[in-house]
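Novice: Residue numbers (my numbering), protein chains in the order written: chain A, 1 to 118; chain B, 119 to 577.
Calculated directly from the structure, the hints in this document are not laboratory data.
Among the hints, erroneous ones may be present.
What the hints assert, rightly or not - DMTMM-like mimics (lysine to aspartate or glutamate), calculated; alpha carbons at most 20 angstroms apart, straight line:
#1 B:K195 / A:E76
#2 B:K516 / A:E59
#3 A:K78 / B:E494
Note that the structure is predicted; figures quoted are calculated from it, not measured.
The primary structure of each chain is shown beneath.
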Amino acid sequence: MFVTGTESVIHSFIHSSVHPFICTVQRATGPYDDTPACDTTYQLFLQGNAALSQPILNELSVTIFYFIFSRFGHPEYKEVPEMLLLIIIAKCKMAANLEQVGIGFFRNLLAGVEPNLA
Amino acid sequence: MSGWVCIDSVNHNYNRLFTIDPKFVHSFLLYMPNSGETVRRALIRMMLNFLYRRGRLDVALLDSSLGGISFVIHLYKRTQSCEARDNLFMVIFDFVVFTLNAGGARISDEDATLVLEMLRAIEAPQHFPRIFRLLPVHFVKCIIEHVYPKSAYSKPASSVSFMPESDDDSGTEDHAELPILSVPPSVSPSKLHEPMSPRVVLSPGASPPKVLPGSAATALSRLMTNIRPDLVTLVMQGFEALARRLALVRPRPTRNSSDLRSLTNVTVSLVQLTHKHQGALTDMLTAPGDAPIHFETVSTLLRSANVEDRQQGTVRIVLECCHALAPTSAQLTIVCTATMAQIWLFELQKMRLDGTLPQPLITMVDSLYHSLLRDENPVIREVYLDLTEKLALHLKYKGQDDSMAAFLNQALLRIVALDDGNEMILLRMVNCICDLALLCKGTCTTQATLVDNCVCYWH
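Chain A extracted, bound-state conformation:
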């Protein structure tokens, strides 16, 4: 990052006096590089950093998650299918849910074009 002399002084001042109390001033190489991509609920959930209510997930039918997973294709939300798949896998630990989805669903994933899902 290019920092002029004045900006450097201001930056030092902020870091030494304001930063500990108020905010984070981050050095960045680009205008949008200073925040990691992992920022949404889905991404945090995939990383294990967001907790979803298990009773609510248990109550919701596996058919709903399976339906969304099979139809969803939004190019800007590639992490949503991954999140849904994790939920489906968790729900399919119950035999009844696994029967609804079918083991063929998981076999087909292995042959899919999405390496992260496979």
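We have chain A already, so just place chain B on it with the hints.
Specialist: Only chain B this time, still in chain A's reference frame:
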């Protein structure tokens, strides 16, 4: 408000940003609803750089070029990005403080910062979108229950236990354990603000069970009500007024609650008419081309590029049906916006869930509600999801988590049955589930450190 420094201010592109008109940012956000969270997050960051260019919230710029506070709340309700939610929450908070001060409240920057940090400590920016979707009756109590739902206490999950505190110190209540999240350092520094107190990272199984002196919810409640109660109450009232004014009846302020009661009374008479004309209402909604309503007008509205027009189309369907059944009722003219129609339908459905809706009305209300889902226009089908989410929140606020989940399950299964593959509908379904099921995020302070942090702030 003090406490605001935008991270892009140290970036060499910072000054170049101000060479463009802020209305561009507003337009991009308004007309690119399908853009991903990364793009939206960057645009929101740019918007904030404009708003805080002079160090404080520029309310004049917000109103003149960036769509006003209602647009900010609209974005806040829709975005899923943690950083964007944090940033927009700050704008809303500063706007509340500005409004209160304009009314003579005299909240100092220091006081406002303290309240802000307390709200951030309970992950309020992440949970307040629910508040703005449907304002709970007991506002402060519901904030706490949102952040620490009872379901989180029900199942042992990890190594830190909480001892729910009772007022009489009887000690008869069971210990409840809370899930503990491990927070990697890579996740935390992504926001404009960082908490003033250090974050504590707890790893599952890293230490023996630690019994805390009382429940975080109780302790936090006491903090919020006992320490500077006037200030906290003031800010909460500000939020409540703002949410009620903007989130529920944004296009046109509601007149008073008696309007809804009047409308409900009208609805009762409509149902009587409906019974005389068997299935008339349902026919109109499912086969509007054959119905004696001005469907050309409705059809034009529904095809419009303007969101407000499409919403007007939604309400026209309802209104035209009502007018066809009760053309002489002057009271119907009070319903002029899509939002009012949604509130009306929501109120009726809420009564249905509460078991207070008269029996003759149930069929009609259900018919209206589910007819939204069968509409060709995805915008109208989204109204169904809006209402579903509000009704689920209504049950959640009442503490009926099981009923809420069952209701949500039934509503979503209806969409599955209709095989609706619209991308935005699917995304809304996912967001609805995530928002309602979200307990806490690892990027913020864990429940175990919450009380200590608050005490640290306030003393």
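Novice: Now tell me if each hint is right for this structure.
Specialist: Taking the hints in turn, this is what the structure says about them:
About 19 angstroms separates the Cα atoms of K195 of chain B and E76 of chain A, which keeps this hinted pair within 20 angstroms; it holds. Proximity of K516 of chain B to E59 of chain A is assessed by CA-CA distance (about 18 angstroms); at most 20 angstroms being required, the pair is judged to hold. Between the alpha carbons of K78 of chain A and E494 of chain B the distance comes to roughly 27 angstroms, so the proposed pair goes past 20 angstroms and is violated.
Violated hints amount to a single one, hint 3; each of the other numbered hints is respected by the structure.
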